[in-house]
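Asks: For reference, the chains in residue letters:
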Amino acid sequence: MLSSRRLISAGLLLLATCGSAWAGGIDARAAARQIDELLAKEAYGGSADSQAAPVARADDETFLRRLALDLVGRPPTPEEVTAFALDNAADKRDKAVDRLLAHSEFGENWARYWRDVIMYRRSEDRALLVSPTLVTFLAKAFNENAHWDAIARKFITATGDVREAGETAIIMAQNGNAEDTTAEVSRIFLGIQIQCAQCHNHPTDRWKREQFHELAAFFPRIAVRPVRDGEMRSFAVVSVDRGGRDKDKAKPRRGALEHHMPDLNHPDQEGKLMKPVFFVTGQHLESGLSDKARREKLADWFTGRNNRWFARAYVNRMWSELVGHGFYEPVDDIGPDRAASAPHTLDYLADHFAGAQYDVKWLFRAITATEAYQRDSRSRASSEATPFVACATQRLRADQLFNTLMVALGVEEGGPPRRDRNPRAMLATPRGRMNATFGYDPSNRRDEVAGSIPQALMLMNAPELNRAIKASEPGSMLSQLLTQLPKDEALIDELYLRCLAREPSARERETCLAHVAVTRQRAEAFEDIVWSLVNSTEFLNRK
Amino acid sequence: MKWHLRHQVDVSVARGGAVSRRDFLRGISAASIAAGTLGWRDLVSLEAGELRKAGRACILLWMQGGPSPFETFSPKPGHANGGETKAISTAVPGLEVSENFPRVAAAMDRAAIIRSMTSKEGSHPRATYLMHTGYLPTASVKYPAFGSIAAQQIAHEGLELPAFVRVGGGGRDGGGGGILGVEYDPFLMPVAGKLPTNTALPTSPARHDRRLDLLARLEADYAATSAKQEVSEHRKLYEKASRMILSSQMKAFDLEHEPQKVREGYGESQFGLGCLLARRLVETGVPCVEVVLNGWDTHFDNFPRVKELAGQVDQPLAYLLADLAERGLLDNTLVVWMGEFGRTPKINPRAGRDHYPRAFNVLLAGGGVRGGQVIGKTDEGGAEVEDRPVAVADLFQTFCKSLQINPAAENIAPNGRPIKIVDGGKPVAELFA
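These protein sequence lines map, in sequence, to chains W and E. The opening position of the first sequence corresponds to residue 1 in my numbering, with each subsequent residue numbered one higher. The opening position of the second sequence corresponds to residue 1001 in my numbering, with each subsequent residue numbered one higher.
None of these hints come from the bench; they were simulated from the model. Any given hint could be a false lead.
Stated by the list, open to error - Here are some, though not all, of the chain E residues that point toward chain W, as calculated from beta-carbon distances under 10 Å:
| hint | residue |
| --- | --- |
| 1 | A1200 |
| 2 | L1201 |
| 3 | A1223 |
| 4 | A1227 |
| 5 | V1231 |
| 6 | A1241 |
| 7 | M1244 |
| 8 | G1416 |
| 9 | R1417 |
| 10 | K1420 |
| 11 | D1423 |
Glycine included, each C-beta is placed from N, C-alpha and C at the ideal position.
Okay, chain W solo, but in the shape it has when bound (with noise of 0.2 Å):
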């Protein structure tokens, strides 16, 4: 069945056109396509449940917050809003996506999205002096549109100073620990949680206890060493192919250049000394090799198309990022022992990315042309019991919210963040408060991620937010309106339209009109209207 769905995208690949969504494979929209014939057929077809079927299109402004806000991580400017609605071609949404694709500030985007991937799961603090490095090393990936097996190579043979090499993050988020680098490289590029097999057979993974310290015994000769130029302070990921082993057997694992797996009855003693093999495909090395060498190993595995994990997680990652539905959830579990919703269609897209090359811009243009993500949202509470009916509601991460919140007020950032020896020092800028107190692990379920009061009582009272709200602060937003726009229905359709890149409804137009009549000061009134919608759910939300 699904051999034959395939020799018809073929047939549908001769007939394609768009040069641009080309990618030595079949073109992205073809695949789109695909993807919304198999999943009426897999996910909601032929079922009489009206809670079943496929909600409707999304109208032009929800469809391009939307794919702002998920491509380059901002809502559109209200002069996009208003040239996109303008648009009468047939293709606009198309044009839209290589327009945002092709802007800088989708690497951006995406690589602060993986810096949280990443960080989150840091082990300490000090991991942070990595994080601007990696969002740089990473955006001018994203915007070189260097491919997926390109940037994991990088990540798994990466060496060097934290300061210069962002591809270091992965290793210096763990420290230089063998295991948990092993755990966190499984983790974010097969979305399979190996490590449950570090201590124990798992009763419900079909993966050894034996298979996850093979895998580790690719990288017993990674290290973090601190590094001393002049004032700064910094560390370097480096790798120990000389040393003899420590001699103090209290301490078997420590500065080892092979890789043992502890006796769990004798957790004193070396353990038994483990060859490097990759579990997928059982593909090994013999012990004594350099680091270099295993590393370079490994990443030809992970990344060759015999391995099917790599494709499918970073596909199942970036359609629950976009469509808000997983087809595996937690997005970085999905081992052999999990159920997919729509299984079919995330093999159909895996393998086609994978035929791409694992361009990620083909990916892109391939999901956010499907129906699936072209619809109207609902809430994932509402739409639980049948995914991808509906495009679900997604909450911003911080950058996002920062994003927004500049357009939305017309205020600038202020330079590029500070890169401090104290990497707490970060965390002082206006991004760095955001990320702070509305970051969220992005690994983690959407639907689990929570407010908090510190985040509604930084909306509701920073005083630079209010500062930027205030008709009285020379240069605010609303200083320059309420002279440019004396019509109140004009001023309110303006604020709507920076706030949450759309018009006012009716009804919404009218409660904003009676409270300037019920308020009777205009400034002050305007200001409310201001603040209420900044403290919005649908300004923290992506519909």
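Starting from the known structure of chain W, arrange chain E on it as the hints suggest.
Replies: Leaving out everything else, chain E in the frame of chain W:
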């Protein structure tokens, strides 16, 4: 009970609206409303065991950096490892502490010392995490700090303030809500004596109310189309936040109203103010407050530096115990003084001491702990635990016993793993004898 009543008053004053009050009343049986009274019995059945634990609290005085046992509560005078530090007698015959704590010495009948704490973790961040959560850090499970556990397990429903407050300090090594969620993260107070961040309204309360009303009306369309659940949760959060900042309980943060005599008792140091704030918060119903004092990482010049740090702790700690006792709060409030590890018995060439988790000391008072006793001992040079080793899990079991928290209760990590509040260990029963 008083929290409940105050809560109700605040809701009606602050929000001025029937909606909030209705939300509040929804939790109470219709019968008691019909009767027009809110009796003790209603509350008892309503709280289902919560009230039994009400009033239990914990104050953690966290000594970041790892305090030397030799210069604090386990001096070794006469041994080369003890250095120049002298021992002094205390209110308890035969029990001696270092000369750096004269006031705590005089209050030793209220406090117990564990001199046989032992762990294996000698790196600051990992040990800090371990001593806050009872677990070593992993990439897959974010273990909750004990303060977050206390917030989850024993906070009173009527509490309008955050249930876990961390005064001073910063960074994440001390942990937060972890798998329990952001609701249980510590509420951070960078300095005591000021209002917490973003709790001052930029407008009058009346205008804030007007804004909340406008917000609610403007949300109606969004709620009706696609995000009913989100809007409803958002609204509850805003009501909770507004209730908090308009609550009379916020007075706990304001140290100005404290009598001069009491302020002098705690001293004017930041740490002293932190201890005073901790007492006020506990008195208001906050189940866990952590007060952080940095600077104990004394790799060089150990002796003058510890003397100076001890000088910041001695008076506030002694006064805190007396103040809690005078207010009848000490029996229900566990006070813990500790850091992430101890320091090397051998004095290094820079007159400092390095990290040493194998043997260190913890001071405990209140919360059912019988004062005036010493648990365990180290050998002559303070290098090895000789008697009654206390592991980290044992210490956390002890916290649970004092706070009447079931240590075997499980929370579920996002990856589906059940995580016990404390994994293994046994409480140090002698402390409660």
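Asks: Hints first: check each against the structure and report whether it holds.
Replies: Hint by hint, here is what the structure shows:
Of the supplied interface hints, the one on E/A1200 holds, with its beta-carbon coming within about 6 Å of a beta-carbon of chain W, less than 10 Å. Taken as an interface hint, E/L1201 checks out: its beta carbon lies about 6 Å from the nearest beta carbon of chain W, inside 10 Å. The closest approach between the C-beta of E/A1223 and any C-beta of chain W is roughly 8 Å, which is under the 10 Å cut-off, so the hint is satisfied. Because the closest C-beta pair between E/A1227 and chain W is about 5 Å apart, less than 10 Å, the hint holds.
The beta carbon of E/V1231 comes within 5 Å of a beta carbon in chain W, closer than 10 Å, and the hint placing it at the interface holds. The interface hint given for E/A1241 is met, as the beta carbon of that residue sits about 4 Å from the closest beta carbon of chain W, less than 10 Å. Annotation: E/M1244 was flagged as interfacial toward chain W, and the flag holds, the nearest CB pair being 6 Å apart, inside 10 Å. Annotation: E/G1416 was flagged as interfacial toward chain W, and the flag holds, the nearest CB pair being 8 Å apart, inside 10 Å.
Taking 10 Å as the C-beta cut-off, the interface hint given for E/R1417 holds, the closest approach to chain W being about 8 Å. Interface restraint check for E/K1420: the shortest CB-CB distance to chain W comes to about 15 Å, outside 10 Å, so the restraint is violated. The interface hint given for E/D1423 is broken, as the beta carbon of that residue sits about 12 Å from the closest beta carbon of chain W, more than 10 Å.
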